[in-house]
Each structure stands twice: as structure tokens, then as C-alpha cells.
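Visitor: Sequence:
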Amino acid sequence: MTPTKDTFITSFACFACTSSWEQDWEKAKQNKNLVNIKFQEDFRIVDEHIDAIATSTIAENLKKLQFGDSDTGIGRCVTDQAIVRLAQRCLKLEEVLFYSATSLTDTALLAIAQNCSLIRSINISGNDKIHGRVTGNCFDQLVTNPDIAPRLMKIILLDQNVKHKKIKLLTKQRPSLIICEGDTVGNGIAAQMVASMTGAGNTTEWRNGKMISMTSEYGMGHISFDEFDEIDDSDGLSLNSSDYDSEENYDKDFGEDEEQKDKEVKKEEKI
Numbered sequence: 001m002t003p004t005k006d007t008f009i010t011s012f013a014c015f016a017c018t019s020s021w022e023q024d025w026e027k028a029k030q031n032k033n034l035v036n037i038k039f040q041e042d043f044r045i046v047d048e049h050i051d052a053i054a055t056s057t058i059a060e061n062l063k064k065l066q067f068g069d070s071d072t073g074i075g076r077c078v079t080d081q082a083i084v085r086l087a088q089r090c091l092k093l094e095e096v097l098f099y100s101a102t103s104l105t106d107t108a109l110l111a112i113a114q115n116c117s118l119i120r121s122i123n124i125s126g127n128d129k130i131h132g133r134v135t136g137n138c139f140d141q142l143v144t145n146p147d148i149a150p151r152l153m154k155i156i157l158l159d160q161n162v163k164h165k166k167i168k169l170l171t172k173q174r175p176s177l178i179i180c181e182g183d184t185v186g187n188g189i190a191a192q193m194v195a196s197m198t199g200a201g202n203t204t205e206w207r208n209g210k211m212i213s214m215t216s217e218y219g220m221g222h223i224s225f226d227e228f229d230e231i232d233d234s235d236g237l238s239l240n241s242s243d244y245d246s247e248e249n250y251d252k253d254f255g256e257d258e259e260q261k262d263k264e265v266k267k268e269e270k271i
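In the UniProt record's numbering, the protein residues as written are 1 to 271.
It should be emphasised that the hints constitute simulated quantities derived from the structure, not laboratory data. Do not take every clue at face value.
Unchecked claim - The following label-pair restraints were derived from C-beta to C-beta distances:
| id | residue 1 | residue 2 | range |
| --- | --- | --- | --- |
| 1 | Q81 | I212 | 34 to 40 Å |
| 2 | N31 | D71 | 28 to 34 Å |
| 3 | S176 | E26 | 37 to 43 Å |
| 4 | I130 | C14 | 23 to 29 Å |
| 5 | K165 | Q88 | 28 to 34 Å |
| 6 | S176 | D140 | 16 to 22 Å |
| 7 | E60 | K165 | 36 to 42 Å |
| 8 | Q81 | C14 | 22 to 28 Å |
As the list claims (entries may be wrong) - Once the Cα atoms are required to be at most 20 Å apart in a straight line, the calculated PhoX-like pairs of lysine-lysine come out as:
| id | residue 1 | residue 2 |
| --- | --- | --- |
| 9 | K154 | K63 |
| 10 | K154 | K168 |
| 11 | K172 | K210 |
| 12 | K32 | K63 |
| 13 | K92 | K63 |
| 14 | K29 | K64 |
| 15 | K27 | K64 |
| 16 | K154 | K166 |
None of these values were measured; they are calculated from a predicted model. C-beta atoms are modelled at their ideal positions from N, C-alpha and C, and glycine is treated no differently.
Whenever a hint applies, use it, and build me the whole structure from the sequences.
Guide: What follows is the structure, encoded as C-alpha cells:
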């Protein structure tokens, strides 16, 4: 059966603000075709809203869920516990996009991967002001258990504290998987200027154990390794395809930063 225009419309629900949540949710959960839910940028989402979805009849057919906003920080109040409950009920999830989800850890990511066998894309990001708490430690289970999330094609972890060694190992074990990680830059002029001077604001994509592309938020745009050579490095930012397309060279350049990042994460966990 070919989907009609009405089918596409009724399969999606968008919630604009918390003030109208109860009324909007009562209407939405009556829709048996609902498979795609988005909480807009101004919706101050908390665990209560996630639990409402998880305990409804909508849960068993839900395919996509999006919430949070990287500019306002909305999304930070959603916890691991709520996402675990959601994952245990929404077994048909294929895509999740959690922005500014700075309270979420590897526990949430692993819960989605373990429970949602159809999952294709997982996006759990922090923001440019506050990094999230995902480290990639849960990747070990994805490496040793290929039956977990067998359809997973992409993981996006921006503004997190992800360990590059974990990324390389997982993408080696799952050649079709792409992992995107890195830091974003705020919209302010000052933030953009600092990024341009320090080389911050890079996001990278990894596949099969190697970094395959880099995106910069301060003027370079999206470039592949084939385009790294011959770039003017007079500003101190040296880019060459041989610099980053092997594990040894990458570890040599960034190993100290990686170790420092690990120490900072462990210090925060103790606090």
C-alpha cells in the first residue's frame, strides 16, 4: 500500500511548548499512526515527558524521537533513567536526536543500542558551553557483541568527551558504521574568533578505524582528506592527508590531549 499525504501528516507530532503539553499530548496519543515525535527548541523537556511516551501505546510503534536545543541548553534535564525506560518500551526506534543532553552518559546510549534492534542513527550531543558525559566506554560492548544494534549506521556525539581510541576500535569492528565527534562553536562573534585562532570547532567523521573527513565551523567548511594537502598553513594550522589518516600519526599528534581529556572526565566523575 502506497502511503498517502494524510498518512505522512498524521504519523508526525511536534510539541511546541510545555504550557500546552497536556492538551497536545492527549490529542497526539490517540493517533494510532504516530511514529515520529519532535519536541521543539523552546520545549523544556524533562523526564516526565519521556516517561509519558514510554508508558503510552505510542511507544510500541515509535520510530523517531527528537528533543533539545544546542543554543538554549534545553535537553539537559533528561536523565539516563528516563532514556533507559524509553528504550525498554520503544523497541522499534530507528533514529534518536538528543541535543544538549548533557546529563546523559554511556548508559543511555547503550540502553538504546541493546533494546532497539532496528536503530540506525544515534545522536547524543552536548553544546558549546557544557560538554556532555558520554565517553565511549560503552563501545566495548558493541565491539564484542555484533548482535547489538546490527543495523546501526551512524553515531553522532558532538560536544562530548569521547575517547578516540574507542571510536577507532568500534569502527574497525563495524566497517559500515560512521561515528561523528568533535566540538561545536557558539554563534557569537567572540566564540567564532577564538575558534579561528585556536583551531577549535572541528568535528570529524570516522569509518573503519580512520578519520575520513573534517568539518570546521570557522570558514573551512567540509573537507575530505584528499583536500587537506596544499592548504595554506601560515596561520599555524597544519593540515596534510598523511597527518591524520593513520592511527599512529593521529595518536602522536593528539595523544596528550586524549590523556588530558580522560583525566578531566575521571575527575568530574569523582566529584
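Visitor: For each hint, tell me whether it holds in the structure or not.
Guide: Evaluated hints:
Our hint of 34 to 40 Å for Q81 and I212 holds, since their Cβ atoms are close to 35 Å apart. For N31 and D71, the Cβ-Cβ distance of about 30 Å falls inside the hinted range of 28 to 34 Å, so the restraint holds. Between S176 and E26 the beta carbons are some 41 Å apart, a value that agrees with the proposed interval 37 to 43 Å. The hinted window of 23 to 29 Å between I130 and C14 holds, with their beta carbons roughly 26 Å apart.
The hint said 28 to 34 Å for the Cβ distance between K165 and Q88, and at roughly 30 Å that hint holds. Between S176 and D140 the CB atoms are about 19 Å apart, so this pair conforms to the stated range of 16 to 22 Å. At roughly 38 Å, the beta-carbon separation of E60 and K165 lies within the given 36 to 42 Å, and the hint holds. Between Q81 and C14 the Cβ separation comes to about 25 Å, which falls inside the hinted range of 22 to 28 Å.
Restraint check for K154 and K63: the C-alpha separation of about 16 Å stays at or below 20 Å, so the hint holds. For the given pair, K154 sits about 14 Å from K168 by alpha-carbon distance, which is consistent with the 20 Å threshold. Between the alpha carbons of K172 and K210 the distance comes to roughly 8 Å, so the proposed pair stays at or under 20 Å and holds. A threshold of 20 Å between alpha carbons decides the hint, and for K32 with K63 the separation of about 13 Å falls inside it, so the pair holds.
In summary, the hint linking K92 to K63 is supported, as the alpha carbons are separated by about 6 Å, within the 20 Å threshold. Between K29 and K64 the alpha-carbon distance is near 15 Å, which keeps this suggested pair within the 20 Å criterion. With a C-alpha separation of about 18 Å, the suggested pair K27 and K64 falls inside the 20 Å cut-off, and the hint holds. Between the alpha carbons of K154 and K166 the distance comes to roughly 15 Å, so the proposed pair stays at or under 20 Å and holds.
Checked against the numbered hints above, the structure violates none of them.
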